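J.: One-letter residues, chain by chain:
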Amino acid sequence: MKTMKKYDKLVKNALGRIVPTEINGKEAVEYLGIGKYKPTGRKYAPPIVSCADYPADGNKTLPTLKEALIRAGLKDGMTISTHHHFRNGDLIAEQIFDIAHELGVKDLMWFPSASFECHSPLVKYLEDGTIHHIEGSMNGSLGRFTSDGKMTGLGVLRSHGGRYQAVQDGDVHIDIAVIAAPTADAFGNATGDRGPAACGLLGFALADSQYADKVVVVTDNIVPFPCIPWQIHGNNVDYVVVMDKIGIPEKIVSGTTEITKSPDRLLLAEMSAQFCDEAGIIHDGFSFQAGAGGTALSIGVYFADILRERGMKARFARGGSNKYLVNMLEEGLTEYILDGQTFDLEGVRSMRENPNHINTSPFTSYNYHGKGNFASMVDVAILGATEVDVNFNANVVTHSDGVLLHGIGGWQNCLFSKCTILPIPLFRDRIPVVIDEVTTICGPGELIDVIVTERGIAINPLRTDLIEKMKNSTLPIKTIQELKAEAEAICGVPEKIAFEDEIVAVVKWVDGTVIDSVRKIKK
Amino acid sequence: MEINKIVSIGNKGKGVRSDCFVSLEIIETGGIHIELVSKVKVLYGRSIVKLLEEILSFFEIKHAKVGFEDSGALPFLIAARMEAAIKLLVKTDKNFLLPMLPQNNYQTTKERNRYSRLYLPGNTSSLMINAGIHKPDGIILDLEDAVAPDKKYEASFVVRNALRNLDFYGCERMVRINQVPRGLDDLDFIVPHNVNLILIPKCEKAEEIHLVNKKIEEISARYTLYNSIWLMPIIESALGVMHAMEIATAANNVVAMAIGLEDYTADLGAKRTAEATESFFARSTIVNACRAAGIQAIDSVFSDVADMEGLKQNVLKSKALGFDGMGCIHPRQIKVVHESFTPDAVEITKAKKIVKAFMEAQEKGLGVVSLGTKMIDAPVVKRAEKTIEVAVSLGIISKNWRDEDNEKI
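Protein chains in written order, with the working numbering: chain A, 1 to 523; chain B, 524 to 932.
Do not take every clue at face value.
As the list claims (entries may be wrong) - Per label pair, the in silico range of CB-to-CB distance: (1) G890(B) - N327(A): 57 to 65 Å; (2) T260(A) - S921(B): 56 to 64 Å; (3) V493(A) - D928(B): 30 to 38 Å; (4) K585(B) - K5(A): 27 to 35 Å; (5) I557(B) - K5(A): 53 to 61 Å; (6) N327(A) - E576(B): 55 to 63 Å; (7) S120(A) - A671(B): 31 to 39 Å; (8) L611(B) - N327(A): 18 to 26 Å; (9) I742(B) - V493(A): 32 to 40 Å.
Claimed, not checked - Partial chain B-side listing against chain A, Cβ under 10 Å, derived: (10) Y676; (11) G693; (12) P854.
Think of the hints as simulated: they come from the structure by calculation, not from any bench.
As the structure is a prediction and not an experimental result, all values here were calculated from the model.
Note that beta-carbon positions come from the ideal geometry of N, C-alpha and C, so glycine has one too.
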C-alpha cells in the first residue's frame, strides 16, 4: 500500500475543477452534474454467516477491546470505522489505534463519520504509519496535518449521505466497525437514547452495522437482553465489549446549546425568518431543517414565534434536535421531529419519551442512491458556509487560508431542500465571505437559493419565483455581485491564496463523484 | 523624534477581534523592519505592510522596527493605531487620513427623530463595524466613560478614522467627548471629520456649551467647514439639574438634552432603583426644560441588556414622562426602544380620528371640533397631528393615509 500513488489521472469535472479519477489506488468518477451519474449493478453485501458460529445464549461479550479487534482479524491495510455520536467526547477511536499501534499493525484506513478536536492525538499514528489515511472528515489538527501534505494517502471527504452511499455501493469496504453504544445487551442490540453516555441516536453507524465484515459494539452500560429500543440490531453484531467509560458526557451533549447572543447573528436570523415569511415558505404543515449553530437555532425560535402567532404548525422539523426544537414539539408547533443528531440532554430525553421524536439515519434522510430520501421534501433548509462565490457555489471544508478545517456533515444532502438559505456574515474579522470563487466547491450554486448577509440578501437568479415574490419586500435584496463588491469595499480586495500543485484530499459529491480537490498549502 | 524608545498602541490577546497591536521603535539606521503576525496574512499581508510603510513614509520615518499583531483590523483602524504610535515619538501637525467615504458627507436636521442612540466604546472597533446595520437613529462613538483612562489617547484616533471611513448607513454620527475642559481637546479629532452631533457629558453650566461652540467655530474657520454640528448636553449632577433651563437654551445648536442617571443618583447620594423615584424630579425637570426650550428630551440608558421586558417597561415609563428618546448600550435594545417610543396602533387610530374630525370641522367652517359627544381642545389636535407625523415618518402609515382610509370605507 505504501508504494501506491495517492492519486492519478486528473480530469476537469462539470464545474471546471481539476480532480483525480484514481484515488488511493481505486477508480473514481468526476462530478458530472446534479443527478447525472447513475451507477448500475447491485449493492454491496457483507459475507454470509451462520448462527452456528455464534453463541446460542446470545452472549457475545469479550473482556477487552483488544481481544475483540484481534478476534475480528485486525491486520495491515484494513479499514476501521467509528462514529461521531459522542462528538468531542469520544474515548474509543483513540483506543482502537493505540491497540493497533501496540500490535504493530500498519497502513489502516480510518473511516469515521466525522472527526473532532478530541481526535488530534491520532496525528501521531498518521505520522508513524499506523494510519495510512482518513476518509470521513479532517477537522482541526487533522485538517492542518492533511493540508500540510503529510498524510500518506489521499484524504476523502464525504457528506453523511455520501458515507452511506459509499458503504452501500461498495466504494468503501469496512473490515471492522466499532460502534460505541451508550446502552447495549450482550447480544449486541444497542441504543443511544439512555445510559451515562446517552447521545440520542446511533444512526451514523447503521450502514456500518449492515455492511461491515465484523461489527464490535462497545458499551459502558450493559443491560439484560433485550436492549430496547434496538437502534442497532444485535443480529449484525459479532462482539460486545464492556468498558468503564466510553465517552465524556459533558462533551457529548453540552446541555448548553443556546441561541446566539451576538446581535449581528440575531439580525441574520431575523432577516432569514422574515425572508421565509415574505416568500410564503412558512405555512400550515410546512417543514424545515434546523441547524445547530447559533444563527440557525435562532431562526427556529423565530419560526416558532410566527407559527404561534398565526395558530399554525409545522408538519415536521428536521434536526439536529435541541431544547428549542423539543419545546416546539411539546408546545404543538411541530408534529414531528425527524432527528439526525441530538445536541443536548433535552433532545435525548424527548427522543426517549416522545414517540413523535423520531431517530433517523443517513439512509432515510440523505442516501442519494436510494429510492428517494426526505431531504428533498423539506420546505426550507438553513445552513452555514465558510465561503460563497458569485456563482452561489459554497465551501464548508476549507478555511479562508486554504486549510482543511471542517467536515461536510449533512450539508451537501440538505441542499436538496425546496429552498436552501445560507445566513452568513458578509465578512468575518476582515475575511470576506462572499467572494469571486470559493477555495473548495462543496455544493454547486444551482442548489443554493438564497444568501442572507447583514448588509443584503441575494437570491439565486435561477429562482425567478423567489425574486418575483420578494419584489416589493422591505428587506435589502441585492445581487450577489453587489454583495461581493460591498465586502471588498470594506475589507479590501483579498490576495489569491497560494497552493502547491499537489492534491491532499478530495471532496465527494452525494453520488460518490469527485466535486473538488483540496491542495497542499504553500509554506 | 525620539530614538530607541519602544512604544505600543492597540489591543491583542485572547478574545480581541478586528483589532491590532503595534509596537514601534525609531532607530538611527537600517531602514524599516516590519514583523507582521496576522490572522489574515494570506489574504491581506501585502496590503497591510504597504499601508504601514506608507504611513511611516508620510511621517518621514526612514528607520524603524515595527511589530504588528493583527486580528483582522480594517484599514481605518490599522492607520489609527500606527499614527497614534508614531505621534508618541514624533512631534508633528500632520494627520494621516484615508480618503473620506463619499457617503459619510451627510448632515442631519435639528428636528430628526432621536429615539435611539447606540453607545460604542471609542477604542473597540469590532463593535463599530456593524453598528449601523442595526439601524439606531444615532451611533455614539464614546471617548468618555466607555474608554479606560490609559486608552483615551489612542481612542481619539480610532474615533476620527471611524467618522471618516466607516459607513454607519445614515445614522446620525455622534461623539461623546470628555467632560469640558478636557473634552475641548477631543474636538480637533472630530469637528473636521463631519461629526453630526456632539454629546457633552456631566454638563453643569451654559458656559461649557459656549466653550465647546467657541472651539467648534475656531476649527470650522481653520478648515473652512460649513456643516452644522448639533449639541446634546448630558445632565449628570444635582447642579446640572438646577441649571437645566440655562443649559437647554445656551445656544441655537443645542438640539436635545439628556440625563445620565448613574452619576446623577451617585451625586444625590441615593440608590438607583427600578422604580426610579429618586430621579423623578430630575427627569421631570429635564423634560420640562427641554419643552420650554423647544428641544428634545432624552432619557438615560437601561443597563440590563438581557432583560428586554424590563427595558420595555422602562421605555414606556420614560415616554409617559415626556421623553423623546433613550440611550442604548446593546444593539438588541434598539428595536424595543423604537417600538415603545413610536406610536402604537391604538394611539394611531385615535390620532387619525381626531385629525379627521379637525379637518372636517375646518372644511365645514366650524370653530369647535368634536368627536362623538366629546369636545376636542386645540392641544389635543396638535398632539394627534404630531403622532400622525411620526407614524408617517417611520413608514407605519402612508402619507396619504386619509385617502387610503376613505378608499377602504
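J.: Decide, hint by hint, whether the structure agrees.
T.: Do the hints match the structure? See the list:
Under the hint 57 to 65 Å, the C-beta atoms of G890(B) and N327(A), about 60 Å apart, fit the expected range. A hinted range of 56 to 64 Å is violated for the C-beta pair T260(A) and S921(B), which are about 35 Å apart. Range check, V493(A) to D928(B): Cβ separation about 52 Å, and the 30 to 38 Å hint is violated. Taken as a hint, the range 27 to 35 Å is violated for the pair K585(B) and K5(A), whose Cβ atoms sit roughly 54 Å apart.
Roughly 43 Å separates the CB atoms of I557(B) and K5(A), a value that falls outside the hinted 53 to 61 Å. Separated by about 56 Å at the C-beta atoms, N327(A) and E576(B) satisfy the suggested range of 55 to 63 Å. S120(A) and A671(B) have their C-beta atoms about 38 Å apart, which keeps the hinted 31 to 39 Å range intact. A hinted range of 18 to 26 Å for the beta carbons of L611(B) and N327(A) is inconsistent with their spacing of about 55 Å.
Taking 32 to 40 Å as the suggested C-beta distance range, the pair I742(B) and V493(A) conforms, at roughly 35 Å. Proximity of Y676(B) to chain A is violated relative to the hint, the smallest CB-CB distance being about 24 Å (cut-off 10 Å). With a cut of 10 Å, the hint placing G693(B) at the interface with chain A is violated, because the nearest CB-to-CB distance is about 13 Å. The restraint placing P854(B) at the interface with chain A holds, with a minimum CB-CB distance near 4 Å, inside the 10 Å limit.
In terms of the numbered hints stated before, the structure departs from hints 2, 3, 4, 5, 8, 10 and 11, listed from lowest to highest.
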